[in-house]
Amino acid sequence: MTAEIALPLVRKSGTLLPRLIRLFGDLPLQPRPGRLDRDAVAFGEAVRTLEPLDILLERGPLRLSDTFIPGHFKHAAVFLGDAADGVAGRPILEARRDGVRQSPLPSPRDLDTLAILRDETLSSEQRAALLSRALAEVGKSYDFRFDGDDRQRQFCSKMVAQLFRHLPLDVAAGGRSIVLPDHIARLALAGPAALSLEMLLVDGRAVPSSSRRLRLKCLLGGAG
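Counting in my numbering, the sequence shown runs from 913 upward without gaps.
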């Protein structure tokens, strides 16, 4: 399902579909553990590579809410680490259905694919400003209508795009601005790449650095 089909469907449904997503969005359509649980060593290596302001793109066993998110990746988050005055043990900033929050690292049991992207162009001043903006997002409500023009509510990839507002992530679908996790992933394929692809784990295995971009391009359906 494309963004042009799925997102206008959500917006035209009034309050019914958002309410269903809110109530039943975690209903598993694939009741199994995530495939990244097969290799704890690879996942641990990926965690050790994380630096503050890295972007995490995730795909896990499909849930009901994922069916309305076009593309391979279904979730985007930002790693804050110890660089911000956040909540101890919760280094991830993300927008979930209960709003924008700081969370623990994802479990490999919940993931099939994990990509770690990094903006290596940020100056120390830009990093400090971005971290400050990131913490200011905590507590915002979730945007169940996926309206990229609504600045008071967030969904996962919209939050990332608004934090990294210097990146070329102005995408339109159904007559409105929208950014999906796959749009962020494509920035690692652009030439020159706006984001570096630091790690890519697929189906329980770490993809070698020499073939990461090619594998990511395949996951995105050849886009790039």
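It should be emphasised that the hints constitute simulated quantities derived from the structure, not laboratory data.
Where is the CB? At the ideal position from N, CA and C, for every residue including glycine.
Incorrect hints may appear among the rest.
Pair by pair, the computed Cβ-Cβ distance ranges are [what the hints assert, rightly or not]:
1) Ser1019 - Glu963: 16 to 24 Å
2) Asp994 - Ala1048: 13 to 21 Å
3) Arg1077 - Pro945: 30 to 38 Å
4) His1078 - Val1050: 31 to 39 Å
5) Gly1133 - Thr961: 24 to 32 Å
6) Asp1062 - Cys1130: 32 to 40 Å
7) Glu963 - Pro1120: 16 to 24 Å
Here is how each hint holds up against the structure:
1. Ser1019 - Glu963: 16 to 24 Å: With a Cβ separation near 21 Å, Ser1019 and Glu963 satisfy 16 to 24 Å, so the hint holds.
2. Asp994 - Ala1048: 13 to 21 Å: Once the Cβ atoms are compared, 18 Å apart, the range 13 to 21 Å for Ala1048 and Asp994 holds.
3. Arg1077 - Pro945: 30 to 38 Å: Check passed, 36 Å falls within 30 to 38 Å.
4. His1078 - Val1050: 31 to 39 Å: violated (22 Å)
5. Gly1133 - Thr961: 24 to 32 Å: Given about 26 Å between the Cβ atoms, the range holds.
6. Asp1062 - Cys1130: 32 to 40 Å: holds (33 Å)
7. Glu963 - Pro1120: 16 to 24 Å: holds (20 Å)
Against the hints set out earlier in the document, a violation occurs for number 4 only.
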